[in-house]
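Chemist: Protein chains in written order, with our numbering: chain Z, 1 to 164; chain V, 1001 to 1164; chain F, 2001 to 2164; chain L, 3001 to 3164; chain H, 4001 to 4164; chain S, 5001 to 5164; chain W, 6001 to 6164; chain P, 7001 to 7164.
The set of hints was computed from the structure by calculation and includes no laboratory data.
Computed from a prediction, not measured in an experiment: that's the story for all the values here.
A few of these clues could be false.
Some, not all, of what chain V presents toward chain L, calculated at C-beta under 10 Å [stated by the list, open to error]:
#1 Gly-1018
#2 Ser-1019
#3 Tyr-1036
#4 Trp-1070
#5 Asp-1074
#6 Ser-1075
#7 Gly-1076
#8 Tyr-1077
#9 Leu-1098
#10 Asp-1100
#11 Thr-1101
#12 Asp-1102
Stretches of chain H that chain F covers, calculated by requiring three or more beta carbons in the stretch to come under 8 Å of a beta carbon on chain F [said to hold, decoys possible]:
#13 4096 to 4102
#14 4109 to 4117
Glycine is no exception: its CB is placed at the ideal position from the N, C-alpha and C atoms.
Protein chains: 8
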Amino acid sequence: MDEKDIRILKAIGTLGSGSPDRITDETGIPKSTVHYRLKKLQEDGIIENEVFDINFKKAGLGLTLITEVWAEYDSGYHKTVGEKLGEINGVNQVYFTLGDTDFILVSHLMSREMVEELIEAFEDVDEIDRTSSTFVITTLKNEPNPFNDYDIEKLMTKLLPEMD
Amino acid sequence: MDEKDIRILKAIGTLGSGSPDRITDETGIPKSTVHYRLKKLQEDGIIENEVFDINFKKAGLGLTLITEVWAEYDSGYHKTVGEKLGEINGVNQVYFTLGDTDFILVSHLMSREMVEELIEAFEDVDEIDRTSSTFVITTLKNEPNPFNDYDIEKLMTKLLPEMD
Amino acid sequence: MDEKDIRILKAIGTLGSGSPDRITDETGIPKSTVHYRLKKLQEDGIIENEVFDINFKKAGLGLTLITEVWAEYDSGYHKTVGEKLGEINGVNQVYFTLGDTDFILVSHLMSREMVEELIEAFEDVDEIDRTSSTFVITTLKNEPNPFNDYDIEKLMTKLLPEMD
Amino acid sequence: MDEKDIRILKAIGTLGSGSPDRITDETGIPKSTVHYRLKKLQEDGIIENEVFDINFKKAGLGLTLITEVWAEYDSGYHKTVGEKLGEINGVNQVYFTLGDTDFILVSHLMSREMVEELIEAFEDVDEIDRTSSTFVITTLKNEPNPFNDYDIEKLMTKLLPEMD
Amino acid sequence: MDEKDIRILKAIGTLGSGSPDRITDETGIPKSTVHYRLKKLQEDGIIENEVFDINFKKAGLGLTLITEVWAEYDSGYHKTVGEKLGEINGVNQVYFTLGDTDFILVSHLMSREMVEELIEAFEDVDEIDRTSSTFVITTLKNEPNPFNDYDIEKLMTKLLPEMD
Amino acid sequence: MDEKDIRILKAIGTLGSGSPDRITDETGIPKSTVHYRLKKLQEDGIIENEVFDINFKKAGLGLTLITEVWAEYDSGYHKTVGEKLGEINGVNQVYFTLGDTDFILVSHLMSREMVEELIEAFEDVDEIDRTSSTFVITTLKNEPNPFNDYDIEKLMTKLLPEMD
Amino acid sequence: MDEKDIRILKAIGTLGSGSPDRITDETGIPKSTVHYRLKKLQEDGIIENEVFDINFKKAGLGLTLITEVWAEYDSGYHKTVGEKLGEINGVNQVYFTLGDTDFILVSHLMSREMVEELIEAFEDVDEIDRTSSTFVITTLKNEPNPFNDYDIEKLMTKLLPEMD
Amino acid sequence: MDEKDIRILKAIGTLGSGSPDRITDETGIPKSTVHYRLKKLQEDGIIENEVFDINFKKAGLGLTLITEVWAEYDSGYHKTVGEKLGEINGVNQVYFTLGDTDFILVSHLMSREMVEELIEAFEDVDEIDRTSSTFVITTLKNEPNPFNDYDIEKLMTKLLPEMD
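Excised from the complex, chain Z in its bound form (with noise of 0.2 Å):
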């Protein structure tokens, strides 16, 4: 990636869009090479499919779960137990991190019913130990595009570190 590159990263986050044309308009980069960048970035898979952005709230997900799980401790454990955790219903994410905790679950679902389906769903998980969730009263960020998590100096800085 080189400094044209991160700048229609960047665009494509602050316009929400992919379209050749606005981030011409965005980035004063000529629209043939907007075009060429962006088929070479999907190629080395950096951007992949244009896909639409859903709302939670408005298709119906709009209670969202942070979970905790211990899980029993043995060889290899994180990946089969985390495996199981990513297949159950409504599960979104699933990270598995070095602290005190051994999974760390963000699930969105669909009504209070659902809590107890998610509890009951991970008591019949067999190597899972005990689990710990709490409710978010507000999600006050949620991006999908993480450039748009970033001003473009700092984008520039730390991923083209050799132009410092």
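Got chain Z; can you put chains V, F, L, H, S, W and P on it based on the hints?
Modeler: Structure of chains V, F, L, H, S, W and P alone, referenced to chain Z:
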């Protein structure tokens, strides 16, 4: 939303694409209906922009941190503090929770030096009392489309409860 | 429920009485309406038996304990264990919660010797892994009628949302 | 209280009714005695008003939260803070405890939006340092009459110790 | 116990002596009464043997540890485990508590090597799940006679409540 | 101290008495030696006053609390705060510890009402940040003479290391 | 660094010596090469002074404490507080960590009296909120040369990743 | 050790060198005495091999983790488990502690991939129940020579207590 909408939303998740042709192939719903429904779902705000999916790791954002934040307890504090947290470079998700911790954050960083920068950015927010971060060893799941987190049957019974 | 029902339910709480005469005095709703509505609320199961309120302290049950219970994690365990907990002498409330603790219990006991008996009763339930109890120094509120926990305005806006 | 009183109190619990006829049927104690004793128990303040029992769920108060509260440590603080907590809409029980947590609260709420209102009401109490709430998944027991929490034998041996 | 008994018991604490002469000097109670009362208090088991007070530090037992013990949860376990703990060399006090920890122990040891021996003795008790010990930096108070922990007025009002 | 001293100190513990005759019977050490040694141990401050042992329970002090105290962290605070804690009615032992908690206290109280008084006395000490108390269900051991906590062999090897 | 450098560094660890002769014997690398490489490693700052290894226990520093420190949260605080901690007598290692605790310290002390001095030195640092120390019972490993912590194969594959 | 020894040991720390000439310059102790004393200190095992100091960061071991380990509680377990922990690649220090955690470990790793390898190595040790690791953001102090952790006055008063 009715059954057709849910099948279309689920197909978008499965295919990783919003192409009407492919949705018709996947669901058997006539293409003109798919077109009309997609337009309707966008008007209702259930689906939003069609954007490129970013591969975090390949884009150089392969280090994930989960941070618990405790802030000074004050009238309306969770909104003002939550917004400040969301503006820090690298912070991708900000949840205000019911439990012991005030905020839970997910951040995607580029390098180990950024960890210290993130910690210093937290230190610069006056209202923060303390933070505790843990390093994600493996991200076992991080699904952009929450409809992919569900079986089609579950979606049907939960989003169309009147059909029971 | 409509506004009249809520005003009647709130009056029952305020007066500590279900007497139609007194409810009429309190609310200005005609006595025949009060009669009819009380009957309807009973048919709908919203109000149940008219029972004496017990003064715990004077009845000799002046010692209150709050107990956290952790149980063996197993499929469906929260129902079977929860029922066993509810059958123990002195256990008054049994909550299965989302957080770190499996169950939270409130017990009303008669004497200090009963504390040891309660702990021994917990020890006799096989599925229990651990308990932690704390002694209530002062019960500052324990309201039998939850409508007394609300202002009449709050009840109106929350139970009649369509009126907003 | 003597044995007859305890049998009457227990019968009120079992029957969910204070009807002298039914108490006589249940206990075999002559109706005139039941009348006299009920009057005496009321004069002694052991039983209070005869009130309708509210079905929380049907009355629209189906969401239960348990909250731990830590407050600023100051001379006499537990009384002033405890009273403020009891005045917050939805707070049903307030216990000042011996353990790690200053107060434990049980609240019955009407809807998920009320959770945020409750948290904001806590934020508005100056003396509160921190709160941690957990969501009740299932209420397995919540008995209005504590005599129902006991076997008749236990009540006899504990409330009439001189009979041992 | 009446007022005279309490004044005598308190004087024993203040003087660190059970000498009737000195108690008479301290309290103004006639010596013959003191004699008679001491005999009565011994017969009632309120005071026991007259023994030498040991100065822990000078006797070479200057290292104090406080240990929390968690044991396997089983029917009647607190008695059997508690007794085993009390038999370990150096363990001076064993409390079975209501809270999070099963047992709290105070031990007086002779040297740092004994710390390891104590930990190994705990490891040898099968029913113990885990221990956590902390080292006492300074013992600010350790009073053999609990009457010395009270003002005379407090003793009077609390042990003679009928006098209020 | 030499071997004879240790055997005498242990005998005092075993017998619950400092009577030279009984110590001679127990140890076989000639009475004149016992006399001389006891005098020497007193001169060296190893044994102090000969005092009556109090039976806590029979003396009306049957309720034991263990309290953790956290105080404001300041230069030399542990001495000033520790002394204030020791002066509170009912506080029997005050330990300043190395671990997470600043002070650990053992208190012997007369009645449940005193629990609230003790908590209020803690609230009145300005430097205290927080306390957490737990109720002792059973005191399984509380030995006034620490030599009773040891086998005679252990005492010999530990207090006379040069003999190894 | 290349393979020869790693083999030399590992040999220094294994032998506990930087003698070129012995390194040649251990590795089979010609002595002149060893000489040249050692000089180069010193110029690059990878190896520093050749110093005597201290035997902590024999040098009278046999008591090890591990301390967690929480400090006032402020802009840049971890540098200023960390330096103050490092200047306290006996503090050997100071780590600023990502987790729940701000700093983790390892200290080597000479005697039990020094524990109290260390605690008092912490109390004298204004920015410190709280400390919690634990006593090391046994140091099972404390390796001055980190190359001794690795198999030679692991060193090769990890430090020479391009060779994979 | 006498005063001269301590001054020599401290000089070695200050200079980062064991050169007799430089020690003489620093301390004013005649060179022949320095020679003799160094030899004596080595014979007594107080100083050991003269080895190169490794610069962790420059040698490619710049990632430090601190790990808490809880193991199955069993007779003598701390020795067997502690040794197994010490043999894991990258583990540099292993402490068996008195507190809540069984072992505290310091590890120096080469890269982020090694974190997962380390966690897997822990998972492969049967006796381990759970681990919790935290990432060191900044190492503010890590002193190879503990005499450098002390003022010369402190060393004198503590190691030569008879001189007070």
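Chemist: A separate judgement is required for each hint: does it hold in the structure or not?
Modeler: How the hints compare with the structure:
With its C-beta approaching chain L no nearer than about 31 Å, Gly-1018(V) sits outside the 10 Å limit, and its interface hint is violated. A least Cβ separation of about 36 Å between Ser-1019(V) and chain L goes past the 10 Å threshold, and the interface hint is therefore violated. The closest approach between the C-beta of Tyr-1036(V) and any C-beta of chain L is roughly 33 Å, which is over the 10 Å cut-off, so the hint fails. Hint status for Trp-1070(V) relative to chain L: holds, with the closest Cβ pair at about 8 Å, below 10 Å.
This hint holds: Asp-1074(V) has a C-beta 6 Å from the nearest C-beta of chain L, less than the 10 Å allowed. Checking Ser-1075(V) against chain L by beta carbon gives a least distance of about 5 Å; that is within 10 Å, so the hint holds. Interface restraint check for Gly-1076(V): the shortest CB-CB distance to chain L comes to about 7 Å, inside 10 Å, so the restraint holds. For Tyr-1077(V), the interface hint holds, the least distance from its beta-carbon to any beta-carbon of chain L being 6 Å, beneath 10 Å.
Because the beta carbon of Leu-1098(V) sits about 5 Å from the nearest beta carbon in chain L, less than 10 Å, this interface hint is met. The interface hint given for Asp-1100(V) is met, as the beta carbon of that residue sits about 4 Å from the closest beta carbon of chain L, less than 10 Å. The interface hint given for Thr-1101(V) is met, as the beta carbon of that residue sits about 8 Å from the closest beta carbon of chain L, less than 10 Å. Hint on Asp-1102(V) holds. Least Cβ distance to chain L is approximately 8 Å, under the 10 Å limit.
Taking a C-beta to C-beta cut-off of 8 Å, the region 4096 to 4102 of chain H contributes 3 residues in contact with chain F, enough for the three needed, and the coverage statement holds. Taking a C-beta to C-beta cut-off of 8 Å, the region 4109 to 4117 of chain H contributes 0 residues in contact with chain F, too few for the three needed, and the coverage statement is violated.
Against the hints set out earlier in the document, violations occur for numbers 1, 2, 3, 14.
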